[in-house]
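A.B. asks: Sequence:
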Amino acid sequence: MTKILMVCLGNICRSPLAEGIMRSKLPNDTYLVDSAGTANYHIGKAPDQRSINVAKKYGLNISHLKGRQFSVSDFDAFDVIYVMDETNFKNVIALARNDEDMAKVKFVLNEVYPNQNYSVPDPYYGGDEGFENVYKMLDEACDNIAKKLNH
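The sequence shown runs 1 to 151 under full-length UniProt numbering.
Be aware that one or more of the hints could be misleading.
[As the list claims (entries may be wrong)] Derived DMTMM-like pairs (lysine to aspartate or glutamate); straight-line CA-CA distance at most 25 Å:
1) K136 / E86
2) K57 / E111
3) K148 / D34
4) K57 / D128
5) K3 / D128
6) K136 / D76
7) K104 / E86
8) K45 / D99
9) K148 / E111
10) K45 / E129
11) K3 / D76
12) K66 / D143
13) K66 / D76
14) K136 / D34
15) K45 / E132
16) K148 / D79
17) K56 / D76
18) K90 / D122
19) K25 / D99
20) K104 / D128
Quick caveat, the hints were computed from the structure, so don't treat them as lab data.
Based on the sequences and whatever the hints tell you, model everything.
C.D. replies: Pasting the structure below:
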């Protein structure tokens with residue numbers, strides 16, 4: 001089973017959306033998808049209502065997901081760790097124990113724009129349009145990941 005982790009700051013906006021999108025594109029008997037945040041602000045909380053709403057608009061239900069914080073043990077539990085931005089990348093890499101851990105950490109948008117390390121913008125302080133844009137970015141990245149995995 002291939003295990004994929006999506007990581008953002010608080011685990012209530014971008015990473016739960018990425019988790020829901022990725023899950024919808026892969027068979028759950030051969031892939032496990034989860035999400036986490038680098039900060040502990042929203043542990044145990046549901047995703048932001050705006051993330052829930054945009055996911056629902058596209059036929060996905062992420063309302064049952066609960067925020068959790070990224071931990072060192074995630075390096076052992078997951079095969080690949082996709083981060084949403086440079087700050088997430090630095091925070092996750094700071095916990096890496098070795099080169100093997102570091103090699104698992106990738107920018108999710110590099111799946112669309114290779115080696116560019118573009119960020120998925122945090123829509124938290126913006127309006128609904130920001131969540132729509134984030135959904136579209138993540139949907140394209142997750143499409144590319146799913147195509148690669150199911151080649």
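A.B. asks: I'd like to know which numbered hints this structure contradicts. Please list them from smallest to largest.
C.D. replies: Result: hints 5, 6, 8, 17, 19 and 20 break, sorted rising.
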